[in-house]
Amino acid sequence: MSSDDITIQYLKTMAATILLTSSIINSILGIVGLTFNIFVFTRPTLRCQPCSFYFLSSTFFNFFVILIIIPTRILSNIYDINPTDYNDNYCKIERYLFYSTRTIPCWLIALATIDRFLHSSSNSSFREMSSLKIAKLATGCTSLFVFIVYSHMIVYYGIHDKTDRFGQISSQCSGAPGIYSTFLSIWQMIFYSVIPSSTMLVFGSLTIKNVRGRCQTIPRAAEKNRSNRRTDFQLLRMLTVQVLVIIVCTLPVSIYRAYMAITINDMKNELRLAQEELASQIVLSLTYFAHSTSFYMYTLSGTIFRKALMKLFER
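The opening position of the sequence shown corresponds to residue 0 in numbering that gives the first Met the number 0, with each subsequent residue numbered one higher.
Among these hints, one or two may not hold up.
Stated by the list, open to error - Calculated cross-link-like contacts (lysine to any residue; reagent style SDA-like; alpha-carbon spacing at most 25 Å):
#1 K11 / L74
#2 K161 / A278
#3 K208 / S120
#4 K208 / R126
Claimed, not checked - Here are the simulated distance ranges between beta carbons:
#5 E127 / V247: 42 to 48 Å
#6 I17 / K135: 37 to 43 Å
#7 D87 / E127: 46 to 52 Å
#8 L270 / L311: 51 to 57 Å
#9 I207 / Q171: 23 to 29 Å
#10 C47 / I189: 30 to 36 Å
#11 N86 / K132: 37 to 43 Å
#12 F63 / L299: 38 to 44 Å
It should be emphasised that the hints constitute simulated quantities derived from the structure, not laboratory data. Being a predicted model, the structure only gives us computed values, none of them experimental. Where is the CB? At the ideal position from N, CA and C, for every residue including glycine.
Can you make the complete structure from the sequences, with help from the hints?
So, in structure tokens, the structure goes:
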């Protein structure tokens with residue numbers, strides 16, 4: 000066995016190990032943390048806050064990622080159990096749901112940053128737009144929008160014959176051959192990472208600017224108003240930490256997809272393919288931490304969240 004063969008085998012083993020280890024860790028973190036998220040965000044102190052509603056809604060979609068997508072990924076990539084390779088309709092529905100449901104939580108957190116901007120604005124008309132009713136409407140419309148954005152996958156995804164470097168033909172669930180693979184990579188990069196992350200950064204910066212302006216202009220208020228401002232500040236801090244986690248976890252996969260789109264027509268040997276597979280497993284595993292760690296970020300950054308959690312344990 001040549002040194003390249005040994006390296007290739009080592010890279011493949013590392014990729015499988017990273018996939019299995021990260022999937023187990025994310026599953027445990029996600030099941031425990033997301034369950035507590037539901038209990039905490041439905042408590043009286045938080046459930047009437049529009050920002051909390053976005054957190055709660057994203058939790059339900061993250062549950063789908065943890066309980067459905069990750070186990071399916073393990074069965075497919077490690078144990079080679081993939082029903083999508085044998086049923087065309089199942090292939091279309093599974094990939095469509097997997098792509099769209101992973102994207103929606105990122106958009107909901109982006110909506111939460113917009114809500115904090117509106118809530119902290121000195122313009123009373125903007126502040127009135129930060130309400131639970133609008134949060135529910137925005138969540139429904141955004142979820143529908145994302146499902147529509149990925150609806151092309153129902154048409155162009157299916158079971159297609161692929162030829163490997165040895166000339167062997169196999170049927171796989173994939174996008175239509177040709178330019179569609181490049182299009183989907185760019186599409187996913189834009190809607191899963193670029194737009195939500197850009198929205199978070201822009202409105203997060205504007206919110207901080209609003210908060211600093213109000214701190215300088217608003218006189219000393221009554222105890223109730225100070226309590227409300229403390230709640231707003233805690234929610235803003237929780238949101239800021241969650242935004243940073245999402246950006247850090249989703250940006251590498253966007254860079255990887257851009258690289259794959261650029262090099263799609265390059266002739267690649269088996270060593271390079273193994274290296275790309277390892278890189279793919281690393282960046283994809285990283286994205287799942289954006290879906291499984293919100294509870295722990297909220298606990299570390301939000302006093303109001305910790306207090307609600309302690310009251311939950313006391314009960």
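These are the hints, each one checked on the structure:
1. K11 / L74: holds, 16 Å
2. K161 / A278: holds, 22 Å
3. K208 / S120: It holds: about 9 Å lies between the C-alpha atoms, which stays within 25 Å.
4. K208 / R126: holds, 15 Å
5. E127 / V247: 42 to 48 Å: violated, 34 Å
6. I17 / K135: 37 to 43 Å: Taking Cβ atoms as reference, I17 and K135 lie about 39 Å apart, which means the hint holds.
7. D87 / E127: 46 to 52 Å: holds, 49 Å
8. L270 / L311: 51 to 57 Å: With a Cβ separation near 52 Å, L270 and L311 satisfy 51 to 57 Å, so the hint holds.
9. I207 / Q171: 23 to 29 Å: violated, 47 Å
10. C47 / I189: 30 to 36 Å: Between C47 and I189, where Cβ atoms are some 34 Å apart, the hint holds.
11. N86 / K132: 37 to 43 Å: For K132 against N86, whose Cβ atoms are near 42 Å apart, the range 37 to 43 Å holds.
12. F63 / L299: 38 to 44 Å: Violated - the Cβ-Cβ distance for F63 and L299, about 25 Å, lies outside 38 to 44 Å.
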